[in-house]
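J.: Go by the hints and put chain B onto chain A.
As you go down the protein sequences, you meet chains A and B in turn.
The first sequence: position 133 = 133 (this note's numbering), numbered continuously.
The second sequence: position 448 = 1448 (this note's numbering), numbered continuously.
Heads up, some of the hints might be wrong.
Listed below are the simulated EDC-like cross-link pairs for lysine to aspartate or glutamate, each with C-alpha atoms no more than 16 Å apart in a straight line [as the list claims (entries may be wrong)]: (1) A:LYS80 with A:GLU274; (2) A:LYS241 with B:GLU1310; (3) B:LYS1241 with A:GLU57; (4) A:LYS384 with A:GLU35; (5) A:LYS70 with A:GLU57; (6) B:LYS1043 with B:GLU1310.
No wet-lab data here; the hints were simulated from the structure.
None of these values were measured; they are calculated from a predicted model.
Number of protein chains: 2
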Amino acid sequence: MRLLPLVLALCLTAPVAFAAGKTTRIADADVAVAEQLRDRALKDDTAWDFTEGLTTEVGPRLAGGPNDLKGREWVIAKFKALGFDKVWSEPVTYPAWVRRSEHAEIVAPFPQPLSVLALGHSPGTPAGGITAEIVAFPSFDALKAADPASLRGKIAYVGARMVARQDGKDYGIGSTVRVAGPSLASQKGAVAFLLRSAGTDHERLPHTGITHFEDGVTPIPAAALSVPDAEQLERALARGKPVTVKLALDCGMDGEYTGANVIAELRGSKKPDEYFVMGGHLDSWDPGTGAIDDAAGIGITVGAAKLIAELPQRPARSIRVVAFANEESGLYGGKAYAAAHAKDIAKAVLGSESDAGADRIYKMTASVKPEARDAIARIAAVLKPLGIDYDANQPGQGGSDLSAVHAVGMAGLSLHQDATRYFAWHHTANDTLDKIDPEQLRQNVAAYVAVAYLAAQADGDFGSKPGAFAKDKDE
Amino acid sequence: MRLLPLVLALCLTAPVAFAAGKTTRIADADVAVAEQLRDRALKDDTAWDFTEGLTTEVGPRLAGGPNDLKGREWVIAKFKALGFDKVWSEPVTYPAWVRRSEHAEIVAPFPQPLSVLALGHSPGTPAGGITAEIVAFPSFDALKAADPASLRGKIAYVGARMVARQDGKDYGIGSTVRVAGPSLASQKGAVAFLLRSAGTDHERLPHTGITHFEDGVTPIPAAALSVPDAEQLERALARGKPVTVKLALDCGMDGEYTGANVIAELRGSKKPDEYFVMGGHLDSWDPGTGAIDDAAGIGITVGAAKLIAELPQRPARSIRVVAFANEESGLYGGKAYAAAHAKDIAKAVLGSESDAGADRIYKMTASVKPEARDAIARIAAVLKPLGIDYDANQPGQGGSDLSAVHAVGMAGLSLHQDATRYFAWHHTANDTLDKIDPEQLRQNVAAYVAVAYLAAQADGDFGSKPGAFAKDKDE
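Bound conformation, chain A alone (with noise of 0.2 Å):
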């Protein structure tokens, strides 16, 4: 019963066909099916069981170590039960990350021990540690302008803050840090790096994430203090004595491995060819379990396709939903996406990604043709009653694992979740189910369901095309 409207509509939408031309249109029918699957989705329990599923039974993936293959085999069974029409995977290769063991003190003046992660491609130290004063910064900026000798064999200390926002800006603070302070601190001549954890929380629980070395630099160890210790360090400090620490780190790099991208594919029924694109990354740190980061974003967006698998009949274009590989350690899912189908690019008609938790989305934004800004605005009107915004004059890339198709010319289309509580979990042993709000996972669920239907089905295409936004800005 509760698909006989749904059908009626769709027999009553099928031979409405739209004037040709360079405007993109969306059908009134549709966006009635579209608002039907909407509301279907508030009640619909598959993103939570995907995800707990994920979460439960495979735990932590970190990209290269033994869960990689246990999850792609998870997710590959999981995309077959749910009835995909296509499932493949597509190989991608990159340099495995091992962590063992690390360990952080105070020696002097105030032994203590330290609460710390090393970061993602950080190098070990030598078995017994590097003991050494500590020179702390309170930015990037300042580490930046220190003069070298202040660093000689020294530990340098980054502490910059971060304050949780809806839209999670302030990570562009904490990732800076993180991802290049070791790097400039190594060249320096620091022999390792300590950093605030990247986040907005006050929890003992580090904040990992990875780093990256500039070709030519000399990796140095590497790692985040959680927000209480870096606190605790900077009491110390401020007692004006010096202040002695050991660092103990057991990790590196382990070699290359190949993973891979798992597609599920449901077929279009009349330009099978063409698709619109969704997902998440199928790693995680090894901290925790990879709930909000990322499980929950292909558990949003199967959640979603699953729902149009259950109309009676397929769009017409296909609707494709990618379990990224490894995209914490440098998108290198997302990268080996856009080589494999840079060739086709104007096929890929628009994408979205979810990778900011599962906290309720709240804005939606795009990056499109001219001529599709209109039947984006219909699709926002479908999701205006979940309480989310359409801001025009932003781009919409489509996300992380998205950006290096979006760079070769896929459309994109953004949907911003709330990013207030991220922040706090984030790459840390707190990225756990119970993070996750099944409400709010829902209506990130409606949201993907209208827009990959409406896409899936808009007379028109977006404007994908080879370098097509290649002048898009960062959002």
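T.: Positioned in the frame of chain A, the structure of chain B alone reads:
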């Protein structure tokens, strides 16, 4: 200038004499001084400075560990620097327990690490750990009712839940499981014990705490899972297949240790041998720095004493601040204090300890003789503007470390702190300075300074005598 009204008040009140008799009275002029002390406390940061100093410069203070002595030395120096008239130590002997490392993981069917902390007084496992199937119980009563055949050779897990409440009463649920669960499980043949942490949070930080094995029971390794890990284990169990866990604890009893209660006194101007006693405990669990449990308790009462020390003259009776030894493993400091002072219990006119964090006091209760109820009500009136209600129908035993001395006859007054946030951080690595709100901390000092001053000035006693409060029920 700030002191002038106080000086005047003291001059005016000195000649006042109350009628002799059983009823304890508090003079109007003393109330006026107490009100000024209260208001001054709301602008004073002695408590913060003490708490910041102890947690930064000493850090974790596990009883019997290397910081037991360091903590005492720090506190003795601080007491002397703050201008107390007398500072001394009274020896306390207790068993020492040492934590070296702990590790837990689900071995099958979903291999993954679990965040775990050994419980105090738990024995270690054999070097390779214990690997066994989990038998789960939702509550202590369910464990009690269990057929020993179901437990033999297994790891018992109890998943009792706590809800955050102002009065913290759910700690009764969690602490019962933690203290008595391992002994009971051992009696029924279990080889190890795990509990859902006795906490109200959802952080990946387990709550440690003492456990106790009954005489004749073989101690078994016992540890707490963080709440998210407990829920993860329950999700694995919910799938209906056997769940095997490996638990490896390197910890255990480590001989006998003699620490001390450290006592600071402002000597009374008229009845120096009689005293009001307040304080907190100096030891802490080792994963955090013991800020809310219980550096703040000493800090609050030191802050109160300091304001009284700044008056132009000492109050009639003495005022003691006690930094109790080893509360966490079994109230050793409190019991030693009671044993040492039982013979002079009538001299301890009233006592109140702070040991439920640093959030605001919302309620006052007292266990005193009936003839002192009016005096208690006058004290309560001074506290009322701080948002503190007086519940005359409940006992007030004075706090955990004073429970033993209350049991031998000391009148008690309890200043109940809002425990809504307390049991999220209690006994975890998260017990750090950043969890303390300086404004709420000062409200505590304001309450203690008024109580201490008025108890020291009161004309008449509060009923302390041998065995006076033997019939008090637990709060």
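J.: With reference to the structure, classify each hint as holding or not holding.
T.: We went through each hint and held it up to the structure:
This hinted pair does not check out: A:LYS80 and A:GLU274 have alpha carbons roughly 21 Å apart, beyond 16 Å. Using a Cα cut-off of 16 Å, the hinted pair A:LYS241 and B:GLU1310 is violated, with the two alpha carbons roughly 31 Å apart. Between the alpha carbons of B:LYS1241 and A:GLU57 the distance comes to roughly 12 Å, so the proposed pair stays at or under 16 Å and holds. Taken as a hint, the A:LYS384 and A:GLU35 pair is honoured in the structure, with Cα atoms around 11 Å apart against an allowance of 16 Å.
Only pairs whose Cα atoms come within 16 Å are accepted, and A:LYS70 paired with A:GLU57 is accepted, the gap being roughly 9 Å. Between B:LYS1043 and B:GLU1310 the CA atoms are separated by roughly 14 Å; this keeps the pair inside 16 Å, and the hint holds.
Violated hints for the displayed structure, listed by number in ascending order: 1 and 2.
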